[in-house]
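*Asks:* Sequence:
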Amino acid sequence: MKTPAAASLSSQSISFDQASNVAKQTWGLVLLALAIILLGGNWPVMKTGLDYVTPLWFSALRFTSGCGCLFALQLVTGKLRLPTRRDLPLIASVGLVQMMLFTSLGSIAMQSVDAGRSAVLGYTTPLWVMPIAVFVFGERLSRRQMLGTLVGLAGVLLMLNPMAVNWADSKVVTGNLLLLFCSLCWALTILHVRYYRADSSAYQLAPWQMLTAALPLLGLAYGFEGAFNVDLSAEFLGVMAYVGPLATAFCFVVINAASRWISSSTMSNAMLGVPLSGLLLSVLFLGEELSASLALGGTVILLGIVVVTFKGRKPKQNTPSIKRAVAE
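Numbering follows my numbering, in which position 142 of the sequence shown is assigned residue number 133; successive positions increment by one, without gaps.
Everything labelled a hint here was simulated from the structure, so no lab data went into it. Computed from a prediction, not measured in an experiment: that's the story for all the values here. From the three backbone atoms N, C-alpha and C, an ideal C-beta is built for every residue, glycine too. Among these hints, one or two may not hold up.
Computed spacing ranges between beta-carbons, pair by pair [stated by the list, open to error]:
1) Leu66 to Pro153: 48 to 56 Å
2) Glu280 to Leu148: 19 to 27 Å
3) Thr68 to Tyr186: 28 to 36 Å
4) Ala145 to Gly217: 39 to 47 Å
5) Arg131 to Leu211: 35 to 43 Å
6) Arg135 to Tyr186: 16 to 24 Å
Assemble the whole structure, with the sequences as input and the hints as a guide.
*Replies:* Pasting the structure below:
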């Protein structure tokens, strides 16, 4: 039987632990909010950077600087680990599909598509996760998830209607379709990460994945766009400092840390702030037009994603929930 003194100490310990958890969650939310703003701002910054350098070189420089920062950070903190054989498939899929394809094709698309529209279309990923999970992994969707997917796809159609997109301009049409393909690539990677068990953590794999994206991008950039030739102005160097060390390396570390203290449902819905902030910051700093079709289509897409990621009934099969897959 506990003495009054022991019971008091135990109560104080519980209170301290609760206060510590609240502090961690608060700090996690602060970090997550910072990452959302930085990632949203990455879209207009990328658009600015493409005025100085070609898309493949831009993507190659982004991941070269990003992986360099993460390698240095992990080396200094003693967290750097060599990947195991079981880690290699995940390094390849994330590095080549999510990072290399998403970023390079997205950069090519942004040459003819506004940054705000690019941010919204690039973040339609959860809408593609659903049908892939159903047809490939045999998951069953709740009515809420089915409704959210249909609502989100309706938003995509609104953004691609003839009044919003000049279908006579092949570059504009190709750019919009490339952005949707980029989000599909990301969806495939999300499901691979969700269903595959690697030996190392996401944080430990990140620099190797970025290196896997950077090396072929350097070769492709030289092969298709020629030798690197750009005016190293202060603005360009500022852009590269933002998209590489800040938006790529720092934001990854921040989101990885925040995900330890914040629920997956909160993470899923909070990340919707990225395309929203990207759209608003593009309008604010680049002077892009916030047309009615863009505003309406973007709102419907975000609404669909909210419905998709909102907590609903658990899948009937013994498989990971799609909501958690989207959050990853």
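*Asks:* Each hint: holds or not?
*Replies:* Structure-based check of all given hints:
no., hint, result
1, Leu66 to Pro153: 48 to 56 Å, "holds (53 Å)"
2, Glu280 to Leu148: 19 to 27 Å, "holds (20 Å)"
3, Thr68 to Tyr186: 28 to 36 Å, "holds (30 Å)"
4, Ala145 to Gly217: 39 to 47 Å, "holds (43 Å)"
5, Arg131 to Leu211: 35 to 43 Å, "holds (40 Å)"
6, Arg135 to Tyr186: 16 to 24 Å, "holds (22 Å)"
When each numbered hint is compared with the structure, no violation occurs for any of them.
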